[in-house]
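Undergrad: Using the hints, position chains B and C against chain A.
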Amino acid sequence: MEEKGFGTEELIVNMGPQHPSTHGVLRLLLTLDGEKVVDCEVIIGYLHRGVEKLAENRDYKQNIILTDRLDYLASMTNNLAYVQAVEKLMDVKVPERAEYIRVTVAELQRIASHLVWLGTHAMDIGAMTVFLYCFREREEILNLFEMLCGARLTYNYMRIGGVSCDLPDDFAGKAYKFVEKFPKLIDEYEVLLTKNRIWLDRTVGVGVISGEDGIDLGLSGPNIRGSGVEWDVRKAEPYSIYDRFNFQIPVGEKGDTYDRYLVRMEEMRQSNNIVKQALEQLPEGEIMAKVPRIIKPPKGEVYHSIEAPKGELGFYIVSDGTSTSPYRLKIRPPSFVNLESFKKMIKGHLVADVIAIIGTLDIVLGEVDR
Amino acid sequence: MEDYIKVKREVGNRKDEMWYAFLQDLKAGLCLTLGYLFKKKITMQYPYEKSTAEWSIPLRWRGLHALSADENGRLKCIMCLQCMKICPDHCIKIRFSGAGKERVLEEFTVDLSRCSACGLCFEACPVNSITKAIVPTEKYELSVYSREGLVYKKEDLLKNWYDSVKSRIALEKAENMKKEEVKKEEKSVES
Amino acid sequence: MEGIVRDVIIALIKIAIVLGGVALGVAYSTYLERKVAGWIQVRFGPMRVGPHGLLQPIADGLKLFIKEDIMPRQADKLIFYLSPVICLVPAFAVLAVIPWGPDFYITDLNIGLLYIFAVASLGIFGIVMAGWASNSKYPMLGGLRSAAQMVSYEVSLGLSVIGALIFAESLSMVGIVEKQMTTGVWFVFLQPVGFVIYFICGLAETNRLPFDLPEAEQELVAGFHTEYSAMKFAFFFLAEYTNMIVVSSIATTVFLGGWGSPFAFLGIEFPRSLGIVKSVLDFGMPIFWFLLKVFLLMFFMIWVRWTFPRYRYDQLMNIGWKVLLPFAILNIIFSGLEFTLYEELDWYLFYPLAWLIMGVMVVFGFRLIKNFDQFSYSKMREEGIE
Numbered sequence: 001m002e003e004k005g006f007g008t009e010e011l012i013v014n015m016g017p018q019h020p021s022t023h024g025v026l027r028l029l030l031t032l033d034g035e036k037v038v039d040c041e042v043i044i045g046y047l048h049r050g051v052e053k054l055a056e057n058r059d060y061k062q063n064i065i066l067t068d069r070l071d072y073l074a075s076m077t078n079n080l081a082y083v084q085a086v087e088k089l090m091d092v093k094v095p096e097r098a099e100y101i102r103v104t105v106a107e108l109q110r111i112a113s114h115l116v117w118l119g120t121h122a123m124d125i126g127a128m129t130v131f132l133y134c135f136r137e138r139e140e141i142l143n144l145f146e147m148l149c150g151a152r153l154t155y156n157y158m159r160i161g162g163v164s165c166d167l168p169d170d171f172a173g174k175a176y177k178f179v180e181k182f183p184k185l186i187d188e189y190e191v192l193l194t195k196n197r198i199w200l201d202r203t204v205g206v207g208v209i210s211g212e213d214g215i216d217l218g219l220s221g222p223n224i225r226g227s228g229v230e231w232d233v234r235k236a237e238p239y240s241i242y243d244r245f246n247f248q249i250p251v252g253e254k255g256d257t258y259d260r261y262l263v264r265m266e267e268m269r270q271s272n273n274i275v276k277q278a279l280e281q282l283p284e285g286e287i288m289a290k291v292p293r294i295i296k297p298p299k300g301e302v303y304h305s306i307e308a309p310k311g312e313l314g315f316y317i318v319s320d321g322t323s324t325s326p327y328r329l330k331i332r333p334p335s336f337v338n339l340e341s342f343k344k345m346i347k348g349h350l351v352a353d354v355i356a357i358i359g360t361l362d363i364v365l366g367e368v369d370r
Numbered sequence: 001m002e003d004y005i006k007v008k009r010e011v012g013n014r015k016d017e018m019w020y021a022f023l024q025d026l027k028a029g030l031c032l033t034l035g036y037l038f039k040k041k042i043t044m045q046y047p048y049e050k051s052t053a054e055w056s057i058p059l060r061w062r063g064l065h066a067l068s069a070d071e072n073g074r075l076k077c078i079m080c081l082q083c084m085k086i087c088p089d090h091c092i093k094i095r096f097s098g099a100g101k102e103r104v105l106e107e108f109t110v111d112l113s114r115c116s117a118c119g120l121c122f123e124a125c126p127v128n129s130i131t132k133a134i135v136p137t138e139k140y141e142l143s144v145y146s147r148e149g150l151v152y153k154k155e156d157l158l159k160n161w162y163d164s165v166k167s168r169i170a171l172e173k174a175e176n177m178k179k180e181e182v183k184k185e186e187k188s189v190e191s
Numbered sequence: 001m002e003g004i005v006r007d008v009i010i011a012l013i014k015i016a017i018v019l020g021g022v023a024l025g026v027a028y029s030t031y032l033e034r035k036v037a038g039w040i041q042v043r044f045g046p047m048r049v050g051p052h053g054l055l056q057p058i059a060d061g062l063k064l065f066i067k068e069d070i071m072p073r074q075a076d077k078l079i080f081y082l083s084p085v086i087c088l089v090p091a092f093a094v095l096a097v098i099p100w101g102p103d104f105y106i107t108d109l110n111i112g113l114l115y116i117f118a119v120a121s122l123g124i125f126g127i128v129m130a131g132w133a134s135n136s137k138y139p140m141l142g143g144l145r146s147a148a149q150m151v152s153y154e155v156s157l158g159l160s161v162i163g164a165l166i167f168a169e170s171l172s173m174v175g176i177v178e179k180q181m182t183t184g185v186w187f188v189f190l191q192p193v194g195f196v197i198y199f200i201c202g203l204a205e206t207n208r209l210p211f212d213l214p215e216a217e218q219e220l221v222a223g224f225h226t227e228y229s230a231m232k233f234a235f236f237f238l239a240e241y242t243n244m245i246v247v248s249s250i251a252t253t254v255f256l257g258g259w260g261s262p263f264a265f266l267g268i269e270f271p272r273s274l275g276i277v278k279s280v281l282d283f284g285m286p287i288f289w290f291l292l293k294v295f296l297l298m299f300f301m302i303w304v305r306w307t308f309p310r311y312r313y314d315q316l317m318n319i320g321w322k323v324l325l326p327f328a329i330l331n332i333i334f335s336g337l338e339f340t341l342y343e344e345l346d347w348y349l350f351y352p353l354a355w356l357i358m359g360v361m362v363v364f365g366f367r368l369i370k371n372f373d374q375f376s377y378s379k380m381r382e383e384g385i386e
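Protein chains in written order, with UniProt numbering: chain A, 1 to 370; chain B, 1 to 191; chain C, 1 to 386.
Hints in this document: simulated from the structure, not taken from any laboratory.
No experiment lies behind these values; they were computed from the predicted model shown.
Hints may be right or wrong, so weigh each one.
To be verified - Partner residues aside, some chain C positions facing chain B, computed with beta carbon under 7 Å:
hint, residue
1, R43
2, F167
3, T307
As the list claims (entries may be wrong) - The calculated lysine to any residue pairs, modelled on SDA-like cross-linking and capped at a C-alpha distance of 25 Å, are:
hint, chain 1, residue 1, chain 2, residue 2
4, A, K184, B, K6
5, A, K177, B, E10
6, B, K139, B, S51
7, B, K166, A, D169
8, B, K93, B, A69
9, B, K173, A, S164
10, A, K347, C, I15
11, C, K63, C, V221
12, A, K181, B, T52
13, B, K39, A, F178
14, A, K184, B, K40
15, B, K41, C, Y31
16, B, K27, C, A148
17, A, K174, B, E10
18, B, K85, A, D170
19, B, K39, C, G53
20, B, K39, C, R34
21, A, K174, C, V42
22, A, K36, C, V151
23, A, K184, B, Q24
24, A, K235, B, M1
25, B, K50, A, R136
26, B, K132, A, F171
27, B, K173, A, K36
28, A, K184, B, D3
29, A, K184, B, E10
Beta carbons: idealized from backbone N, C-alpha and C, even for Gly.
Looking at chain A on its own, in the form it has when it is part of the complex:
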């Protein structure tokens, strides 16, 4: 005999690919028990463009524009990772001024990317206004980039051996002005969020992941630092000229959404510091190294990774030494790897937390699906 009374059933809800808060075309199959998430399946691939395969048919210079379209919120760092990988393969020495420009734009890009993260994360949790404040500041950074290279999103700015064009005359001044006022604006976001009881309720203890689990799952970037693991490629294996600047890497302790929030906020301040230092030390000189017109790296393979805003972004390139396009290009996208931990974080949380956790992972589907 069945037990009398109301039986309950699990409800399967399809979240995405068209959903306002899945940050693109992520699809989640949630199994709900009431409001509680019992099980979750992450389905990706709606934005697959075959970047890695495309790269095998294009030459090294043309591939830079493909990297723009991976994490389209942080094109500069994608460019940087790729060109540095090729430079490593070809053993090119990049001029001093180009290195400084690269660091400046990469750190500005980190701020811009974190601003989008903060805005969308806060908006997912309901604070609409923070979103627009963040985008106001991001707009200024985009204006700077626009002035620099003529595009707002897909910059295609870096070149193998340097950068494509020198800073315009008023760039340094405008960038410096932005850097001067930006810390005050971060304080404003913090007034709206950091101590707000609702924000605390929604983030503290949500999506907890321990440092060990994070390492096992390959988490990187602010996500792993939120769990208290001291790992930042800029410090651990300094690339470019990061060893010349004074900056600190924030780490959290509990590994919840609130910690990751605090880590990213502090990271913005530190990036701001780096930009300031880089602008102050900016030397004169060449912006391009002497590289052949047709780029044909020697036979070999290389892996190079940098600290992108979302985590560790790596490029693995195999060259056969005869062709002008890579034999194989493998990308290690931080968002894709970070998304792995979603299932672990979400178990036992409520529907509303799904949104908060997607937000805190800071994924970009262009990079997840490639």
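TA: Same frame as chain A, but now just chains B and C:
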């Protein structure tokens, strides 16, 4: 300086208890947004105003392509096909007749429906007399009603050049250079 | 017979004026919402339709009228049609007893406040039915959330006004205002805690952020009205904003002295020499003060919405049952004490003492609710993380 710092978690601070009990955290947020209520707005009323005091389209903007011409109205293009070769999306098509120095540009089309605005063609152009032969203009309103409208022919590209701010700057520059040359010549004649 | 006809006609005219006025008010409160949101977010808000976008609400209304009305194939047709109406009618019915001015209200029930709470809580059926009838998962989640939310907050909402009622000694809306006029003190000064609780519950009752879980745009897309479009959607929209006006009006009546002027203590009257102008002013000024107070409260609701994040469902329940309900009950106990003091003491002794007790009550209350397990900032929550 240490490489890594712990972030400050301001949760569970006993000192703050009364602060929370009397809703001070909410008050702080409300005061901030109220302050913004009467601040100067930053919206640009786009179709009505296309630039503001803070922002106007920068000269480096990678907008619509243009084929530049010199002050005599001759195309600068030397038909080297560099831009066609570098284009990752194969959107530039060039056809010419004749050979050697007698080459005549028959066709030069840019198919914007494929273009990803990477700017490699502008960079690849070897011409460098004041401007390159193919240049980006500041034009960015490019929507059309049919796909055919996105294919820009040689004549359209030349027209874009004359419409752009860049052509004006380039022509001025050319004029100045001419004047300077004339001055130099006069000087050399005098001496 | 003639008398009855005259009464009916007068009543109908009043109803027409009130309904028309409120409908217009609703239309322009959407405009207010968008403008304030824009200004807070350093934008302009609507600017294109008419000067400064003043015709925007009308354009929006027209758009909703002529939009295609889509119904999901598997929907429960009758309930799907009925629910927007069920949602809207109680919201309008409540307007019957709201005293806009000393001589301007549709009717004065001696159980006015009770009537409001009874009728207003019917609107929830519309939302639950809409969620059910859509036969879709997101609306159902939204509808269920809404049901639970309304039930929880209705309790505290009712209890929060009891303190004020002790002083008013009446349930009639007009009576409550007149009591405040005669004693010369608005109940908000006697009952600040009650007012705060009422306002928070009011936000929850009208599904406004931070308690807009039934709609929760970012998680449930649009909650219970995901599947609705065109006029049916407009009805929900209308109901939501009418509810905002109603909640603000009740707060104005019960706590903020209704139509009473904030400068009443100065005792200024319009001089007789003004003639007809005086009678117009005497009729109009109270309505002006009432509407001004309602406007300010609505502005505050909008302001809150564009400042704070949203609570989670379980936290919403926690706040309803573990924070607001204990506070509302504490407030009633305190009100009894306060009323005794009020009768016994002079004002210069009464106010400091009453506010002191009130402060102690808030502190004590927060210590108390901390023991009801999780409350964000409490240390226990912090330590509770594995």
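Undergrad: Against each hint, give a clear statement of whether it holds in the structure.
TA: Do the hints match the structure? See the list:
1. R43: 5 Å, holds
2. F167: 24 Å, violated
3. T307: With Cβ-Cβ at 5 Å, under 7 Å, it holds.
4. A:K184 with B:K6: 21 Å, holds
5. A:K177 with B:E10: Violated, because 30 Å separates the two Cα atoms, which is more than 25 Å.
6. B:K139 with B:S51: Within the cut-off at roughly 13 Å; holds.
7. B:K166 with A:D169: With a Cα-Cα distance of about 18 Å, the restraint between K166 of chain B and D169 of chain A holds, given a limit of 25 Å.
8. B:K93 with B:A69: 19 Å, holds
9. B:K173 with A:S164: 24 Å, holds
10. A:K347 with C:I15: Answer violated: K347 of chain A to I15 of chain C is near 54 Å, above 25 Å.
11. C:K63 with C:V221: 21 Å, holds
12. A:K181 with B:T52: 21 Å, holds
13. B:K39 with A:F178: 19 Å, holds
14. A:K184 with B:K40: Cα-Cα ~18 Å, so holds.
15. B:K41 with C:Y31: 18 Å, holds
16. B:K27 with C:A148: Violated, because 28 Å separates the two Cα atoms, which is more than 25 Å.
17. A:K174 with B:E10: 34 Å, violated
18. B:K85 with A:D170: 34 Å, violated
19. B:K39 with C:G53: This hinted pair holds, its Cα atoms lying about 19 Å apart.
20. B:K39 with C:R34: Since the Cα atoms of K39 of chain B and R34 of chain C sit roughly 16 Å apart, the hinted pair holds (cutoff 25 Å).
21. A:K174 with C:V42: Given that 25 Å is the threshold and the Cα spacing comes to 21 Å, the pair holds.
22. A:K36 with C:V151: It holds: about 21 Å lies between the C-alpha atoms, which stays within 25 Å.
23. A:K184 with B:Q24: It holds: about 21 Å lies between the C-alpha atoms, which stays within 25 Å.
24. A:K235 with B:M1: Given that 25 Å is the threshold and the Cα spacing comes to 12 Å, the pair holds.
25. B:K50 with A:R136: Holds, at roughly 18 Å.
26. B:K132 with A:F171: Given pair K132 of chain B, F171 of chain A holds - Cα atoms ~23 Å apart, limit 25 Å.
27. B:K173 with A:K36: With Cα atoms ~69 Å apart, K173 of chain B and K36 of chain A exceed 25 Å; violated.
28. A:K184 with B:D3: Judged against 25 Å, a Cα distance of about 24 Å means the pair holds.
29. A:K184 with B:E10: 19 Å, holds
Checked against the numbered hints above, the structure violates hints 2, 5, 10, 16, 17, 18, 27; every other hint is satisfied.
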